[in-house]
Structures are given as structure tokens and as C-alpha cells.
Amino acid sequence: MRTTRARTITSTLVAGLLLVPATAAVAAAGTDAGAQRAEGSFVASVDFPTLQARDVRGNKCEFTVEGTLTFSGDVVGEAVGTTTAVIFAPCDDALASPPGTSFDVFRFEGVFSGEVLGDPTSGALSYAGVTRVGGAIDATVILDGDDGARAVVRADAQVAVGGTYSGVARRS
Numbered sequence: 024m025r026t027t028r029a030r031t032i033t034s035t036l037v038a039g040l041l042l043v044p045a046t047a048a049v050a051a052a053g054t055d056a057g058a059q060r061a062e063g064s065f066v067a068s069v070d071f072p073t074l075q076a077r078d079v080r081g082n083k084c085e086f087t088v089e090g091t092l093t094f095s096g097d098v099v100g101e102a103v104g105t106t107t108a109v110i111f112a113p114c115d116d117a118l119a120s121p122p123g124t125s126f127d128v129f130r131f132e133g134v135f136s137g138e139v140l141g142d143p144t145s146g147a148l149s150y151a152g153v154t155r156v157g158g159a160i161d162a163t164v165i166l167d168g169d170d171g172a173r174a175v176v177r178a179d180a181q182v183a184v185g186g187t188y189s190g191v192a193r194r195s
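When we follow my numbering, the leftmost residue of the sequence shown carries the number 24, and every step to the right adds one.
In short, the hints are calculated from the structure, not lab data.
None of these values were measured; they are calculated from a predicted model.
Don't be surprised by glycine CBs; every beta carbon is placed ideally from N, CA and C.
Where hints are given, some of them may not hold.
[Claimed, not checked] Ranges between beta-carbon positions, derived for each pair:
id : residue 1 : residue 2 : range
1  : Thr93     : Ser195    : 19 to 29 angstroms
2  : Ser189    : Ala76     : 15 to 25 angstroms
3  : Asp116    : Ser195    : 41 to 51 angstroms
4  : Asp169    : Thr105    : 18 to 28 angstroms
5  : Arg77     : Ala159    : 21 to 31 angstroms
6  : Gly141    : Pro113    : 44 to 54 angstroms
7  : Asp115    : Asp169    : 35 to 45 angstroms
8  : Gly171    : Ala119    : 44 to 54 angstroms
9  : Asp170    : Asn82     : 43 to 53 angstroms
10 : Ser195    : Val156    : 34 to 44 angstroms
Build the full structure now, drawing on both the sequences and the hints.
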């Protein structure tokens, strides 16, 4: 019974992270005549010396670490921020293993500076999703430019490396 409840809570959390923000944002972007297809790649740089870990309920570990996401393609620039991840392993195991050894749910919150579809912008950027055992990431990136520029893209990535993205964006 307890395992089933944990799986249900985890599934609900993952669905909330992945589906709700992306669906609402894509629907909003789709009503804007300026929305266009956007794709490219990004590199994730993790500042491992800033890593803080703490045990959390259910034999899990919460990591907090600083880092930078560097984008190229239709979104170009850098987002500097903090990632918080709940890793489905005790902290002793998570700290002794390479990133991606255990399943996790994560969220990066940062400040972006660069360009969307060739126009300069800056603003809040979030990158949230799941890391599967082996390090493959399924996530959504949402950029909210201070000047009205916006990007909502799906990321296909590898933990602590980066990957590719595709979705929609609009200029300011």
C-alpha cells in the first residue's frame, strides 16, 4: 500500500512538473501571432563545490547546487541559477555515485541573458523535469523575458551535460 501511494505521488509530481506548465504556456504562446518554432542545443555546467545535500523523508536526498545553462540556436545566451533535485536514494548513496545513477525530480531556477529569435532579452528561466536512471533527462524549459519575449521548449538531455531543445518562442 505504501509503495503504491509513493508511486502515485511521484507520478502526480512528475506530471505536474512536465505537463501543466508546458501545456499552459504552449497554449498561451499558440494564441500569439508572433509564436514560432524554436530549436537548438544547450550545455549544462554544474558548480559541484556548491553542492549541498540533505536527507529528506522517504529515504531520499535533496541536492541544491549552482550552475549555468548555455543555449545556442533560436535561443542564445546563458541562464545562471540554482538546481534543486530530490534524488530517490539516501544521501550517502547519492553523494558516492555519479549524477544519473538514481531517478530524480529536479527544477532549475535562474536568470537568462541573451537573445530569443535574434532579439535581445533577459528574464526568468526555469528548467524542470526528471532524470531517469542512466542520466537521460525529460524536461521543459520556460523563458519569461522581461520585455515580453517567451520560449517554451522540451529538452532532451543528459544530466550535468546538456542536450537539445525544441518548442515555440516569440520575440519581444
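Results of checking the hints against the structure:
1. Between Thr93 and Ser195 the Cβ separation comes to about 21 angstroms, which falls inside the hinted range of 19 to 29 angstroms.
2. Distance hint for Ser189 and Ala76: a CB-CB separation of about 33 angstroms, inconsistent with the stated range 15 to 25 angstroms.
3. Range check, Asp116 to Ser195: about 45 angstroms between beta-carbon atoms, so the 41 to 51 angstroms window is met.
4. As the Cβ distance of Asp169 to Thr105 is approximately 19 angstroms, the hint placing it in 18 to 28 angstroms holds.
5. A C-beta distance of roughly 25 angstroms is found between Arg77 and Ala159, which places it inside the suggested range of 21 to 31 angstroms.
6. The beta-carbon spacing between Gly141 and Pro113, approximately 47 angstroms, falls within the hinted interval of 44 to 54 angstroms.
7. Checked against the given bound of 35 to 45 angstroms, the beta carbons of Asp115 and Asp169, roughly 42 angstroms apart, stay inside it.
8. Checked against the hint of 44 to 54 angstroms, the pair Gly171 and Ala119 passes, with Cβ atoms roughly 46 angstroms apart.
9. Checked against the given bound of 43 to 53 angstroms, the beta carbons of Asp170 and Asn82, roughly 45 angstroms apart, stay inside it.
10. For the hinted restraint 34 to 44 angstroms between Ser195 and Val156, the CB-CB distance of approximately 40 angstroms keeps it satisfied.
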